[in-house]
Each structure stands twice: as C-alpha cells, then as structure tokens.
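As given, the protein sequences belong to chains H and B, one line each in that order.
Per the working numbering, residue 31 is the first one in the first sequence, and the count goes up by one each step.
Per the working numbering, residue 31 is the first one in the second sequence, and the count goes up by one each step.
Please keep in mind that the hints were generated in silico from the structure rather than gathered at the bench.
As the structure is a computational prediction, the values presented were derived from the model and not from experiment.
A couple of the hints might just be wrong.
A pair counts as met if it fits within one copy or between any two copies, since identical chains are not told apart.
[Unchecked claim] Listed next, the in silico DMTMM-like pairs over lysine to aspartate or glutamate satisfying Cα-Cα at most 25 Å (straight line): (1) K341 to E210; (2) K341 to D308; (3) K48 to E282; (4) K48 to D308; (5) K341 to E359; (6) K48 to E84; (7) K341 to E360; (8) K341 to D304; (9) K341 to E33; (10) K48 to D128; (11) K48 to E359; (12) K48 to D304; (13) K341 to D70; (14) K48 to E360; (15) K48 to D37.
Here's the letter readout for the chains.
2 protein chains.
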Amino acid sequence: MPELRKDPIVDRWVIIAKNRAERPLELTEGEPARRTSTADCPFCEGHERETTEEVLAVRTAGTAANGPGWQVRVVTNLYPALLPGAGAFSPNAANLFDAQPALGAHEVVIEHPRHLLGTSDLSVDELTGVLLVYRERLAALRALNRYLQPIVFKNVGAAAGASIEHAHSQIMALPLVPREIAAELAAASRYHQHNRQCLYCQLVADELSSGQRLVHPPSNRPEIGFVAISAYAARTPFETWILPAEHQSDLEQLSAAGARELAAVVRTVVAKIDSALDRPAYNYIIHTSPFDTFENDHYHWHIEIIPRVTKTAGFEWGTGLAINPVPPEEAAAIMRALHLAG
Amino acid sequence: MPELRKDPIVDRWVIIAKNRAERPLELTEGEPARRTSTADCPFCEGHERETTEEVLAVRTAGTAANGPGWQVRVVTNLYPALLPGAGAFSPNAANLFDAQPALGAHEVVIEHPRHLLGTSDLSVDELTGVLLVYRERLAALRALNRYLQPIVFKNVGAAAGASIEHAHSQIMALPLVPREIAAELAAASRYHQHNRQCLYCQLVADELSSGQRLVHPPSNRPEIGFVAISAYAARTPFETWILPAEHQSDLEQLSAAGARELAAVVRTVVAKIDSALDRPAYNYIIHTSPFDTFENDHYHWHIEIIPRVTKTAGFEWGTGLAINPVPPEEAAAIMRALHLAG
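With the rest of the complex left out, here is chain H (with noise of 0.2 Å):
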C-alpha cells in the first residue's frame, strides 16, 4: 500500500511507492522519441487487455468496452501512486513522523488509438474530446465524496518524466490539498478578503491591459474564451499559462463550447513551444478548486505549460526558486511573432 508522509520538519507531503519502481521505462533520455513500435505499446487500439479495464470510453456506437473502436480511452494507473479506499486522510501535527495511507485515485487519459506522441498532434476536435473526458472524471471523482484535490497532468517525453511514449495524461484525486495548490488558494482567498475580487481574474485583466506577456488573446465570446500568457516568474524557459477570460473556479464548469476554444489555445500554445523549442519534453498542469469548494469566487482554475529545457539541480531543490534564463517577455514575443501553419 503507497503511503503519505509528512516530513518532520516542514509541511511536505511524499507518497512512499514502492510499486511504482516495478514500472516499464520505455522512454530513455537524451534518446530519440519514436523508439517504441505501436506493436509494443499497451496505449494503441488492439492492445486494450494490456492495461486495466476501462474507466470511462468514448466509443462509436456498438463497440464493446476494454476492445477497439474507442477515440478517448481512461483506465487506473497499472503502477497507482494511489490506491482506491475509503479510509479518512487524518494527520496528526503532533506526531513528528505522521504516515498516512495514500487513498486517491490514479487514471491514466489514453488521447488517441494511434501512436501520436504530443498534445500537437492531437487535432481540436480530439483534443476537445480529451478536454470533456477530463471534465467527466473530475464530475465522477467529486461524486465519490472520498477525496479532496483533484489534479490533471501531462508528461511529454522522458525529461518530463513520461515513461510511456504514447499520448496520455494522468488525473489523481488526492486526499489532501497538495502544497503548491494550497499556496495557490491560500493566496487567492487572502486577497479576495482585502479586495473583493478574484486574484486571477486581475492578472488577466493586467495581462491583457500590458500585453508584454500576451501570448493568445481571448476570443470575441470572452465567456468561453481563454487567455495564454507568459508566466510573470516563469520558472522555465517560455512556461505560459492558459486560463478562462472569465471568472471560473472549477474546469468541471467548462461547457462544450469551451472545451473547444481551449483546446484550439493550448493546441496553439503548444505548437508555438514546439516549434520555438524544437519540440521539447514538457509537462502541462491542470490546477482547479479543491472538491469542497465547488464554484467559489476567489479562485480560478487553469493549465501552467512548464517545457523542460532547464535542469533543477542543487540549488532549486534547496532553495525553492528556479533560474530562468529566458526572460518572460521574450518568450511571448517570440509565440507571438510565430505564426503556424494549421
């Protein structure tokens, strides 16, 4: 069983797994992508009884579950960092070793039957497809009534620590709100207190307003519109965030519409990275409410795109702070000035 614990010292959480060393590593860094033939990956159409039977599938009509005929396709995590169970998460801040079994959930998003490798290769329509089907399952874990915190990711290539090649992204419900997305809520909760309005919500207002760090503008229908743009402290090289124009808390309230005009932005956004970085491994994250504050007005869900082009090494892990040496700016100037084909 993976397990939570809290460091002695400080409020950081680790998930103890020794599972998930027993992980087939197909992705080798510093090696080219394309090494796996579709005939070995688990994630291609044909290949359904290689991973666990299916969550969720959007299917064409007829086709049976856990066999072909499946656009999106969400299984549990064969190496779950989580394991289901309805245990309560109950730390002790008294102890100075307090352990807790790691309750949650862990789904694997399979984005396509074939062999695609990136979000870029993913048309709208798919990518749209990703989107509700991530909407689905946040619907689906809140209603479980067991978890706390939601998260959304994705690893593309291996030093972004993906481990399989074939495009997929991860959802976990975890039992606890995670450090950085408590920082998050911590700091949009104190400043709607002083200021009666959502923290995010400026930020794109001020954003838009500069427009040095712009990247992609919201749509004329501001109401399913997002806004891409430069991280102000981007902790890498052109890592860019994507939020709604408008005020929305959860991305449980993304409607259809939406879905799609987001999936056109981060298609967009990612395409520009792609390009402007000769398709670098990257990660995406999804940061939404916690389940228990469904629909609240101070905070404000949205993807940070972060590529991984620079090393952590010594000083970030003991300091917390990134060096960056691709000013903000820059970096949007740059995906502004690109324009890509299709």
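Following the hints, complete the assembly by docking chain B onto the known chain H.
Showing chain B alone in chain H's frame:
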C-alpha cells in the same frame, strides 16, 4: 542584470538570468562521465586563467594567486545567477508584478586541482579542506553585511544539473530567505516556542532511539559528531540527511575537528550511495541559518544528499509532492549493510 521576480500568485521567487543561457554545457544526460579531457577543463590546475580571479585559495606556501599550487580554489561564477551589489531587497507585497535586482554572491569552490569527479573521490583530508573553505567563505560573506541567506550546494552528474564535470561545489548568498529554507525556519521556530527545544535535535534523538532510518551513528565524541539518517519523508530514493549530533545552528560553528568528522561521514555516505545506486547523479545541499540569526537556539544546520534517480514529472511540479519508490527504512538498511573498503 539578473532579476528576482515574485510569482504574482504565490510567494515563489524566480531568478531571471539571461546570461545563464551562455554557459558552456560539458555534460549531457545519458552520456558517460569522463568525457572531458583535463586539457579542456577550466577547473584543472594550470587553467587558472580560464576562470575569474580567485576569491580564496588554499595554496602551497610561496605559490602566486591565480596560478598552480592550490588545493582548493574559490572563484566567482562566470555565469552568475546573482551579482554583487549593495542595494536593498525591498519587495512590495501590494504589487502583483514585483521584481528586485538579483543582488548576491555566486561562487564556485573547485575542490581539487586534479580532474576528480565526485565527493567520494576526495580523501578525508581533502574533503575536510573543502568544508573549512565553506566555513571561511560563509564568514566572509556574512561580514559583508549585505545579504541574508547563504546556501552551499553541489551538483554531480548531468541529471543533477551539473554543467562541468570537475568536482566543484557552489556557494550563494541571497538577498532573501528562499521558500524551502523559510519553511524550515518557520517550523523550527514554532516548535521551539512550544517545546523549548530544537526540532532537529528532537529528530536526531528520535532517529537514534528508533534506529530504523539510521545510516551512520555519531562518533564517541558527540560534541564534534554527525548523524546520518535516511530522511523520513525522503523525496528520492536514498535521500540522506547529515546533521550535527549536538545543537549547532550555523555551518560557521563547525570546528576543525568537526570538519574532519563530517568529511568522514559525508565521504562514507556518498560512497555507499555510489555503491547502492551505481554512481548516480546527486545533489547535496547545506542549509544553515540566515546571516541575521547567527548562533540561534531553534535552527540546526544540516546537509541533504539527494540522488537524482527519479524524474520530476507533471505531478511533482503541480503539487510539490514527490513520489519515491524506495522506502527510507530499506535504503537505510542497505546503506548500513554496505561495508566499503577505504
């Protein structure tokens, strides 16, 4: 001029340093070490003109500065993330977009005149000399009365962020207390207020009494001794902490005898990690008190050794939690069982 920027949402500073993009990259992940001949190495004896002028060197009597004849040599980093200067660090929490000049020190400690690669390649005598150089430089940086937080770290191997192979470590003096150290200080202060006891001293006592995560016990002279433990909530396999057995808040309080004890412990622990994980890339980080709280009763300086054998993927970036496949008790048992020659 590099710039410190605060994230508009959370209290997370980033150094934007364009000059860092110009660093020559000697090491590439996945490639074998020892790819550089000593003839090309700017850190080898005889190549002193390829670095900045030395700040400090331990030299054979009669040899001239910036020439051969040294045992340990400290120079300013050619691609500094921080630049010297006397300006005040005065963040404005009311600004969404806050940037400050990145003033501070960024030095490189070249640990040996020959082309050695890792800490376990140094003799105990040699490593003692390096530790005493850390002490001397920290005292000198404190005396400037300009900066707030020192940090010492070492990157070994490309996966740990090293760009140069020759054994070296780095010393930085920051104008702010970075988030990871601030979190430790806050927890230690709080614990001391409630318990009139140093949190780390309590941790050492508990780990010595349980023994299950003990890697190296203190010598029979605890006043100069050091304890090595597997971190309870280790972020990576074999993350190991080395702490003074008795209370000491600052690296600068290290005695010459203590430095020799510490060198022996560090060398043994790194050699065991090298053996257990087949010479992995690793970082070590020294956390010590901010300059303005010298010799306090609540904080406890220490070394964190972090083998870089796992990847940080989207989950880790998005949550701040790590996933570690090796239980710390198993790592400690493996290290205890290893008896290495010399």
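List in ascending order the numbers of the hints, as given earlier, that are violated by the structure.
Checked against the structure, the only hint that fails is number 3, while the rest are satisfied.
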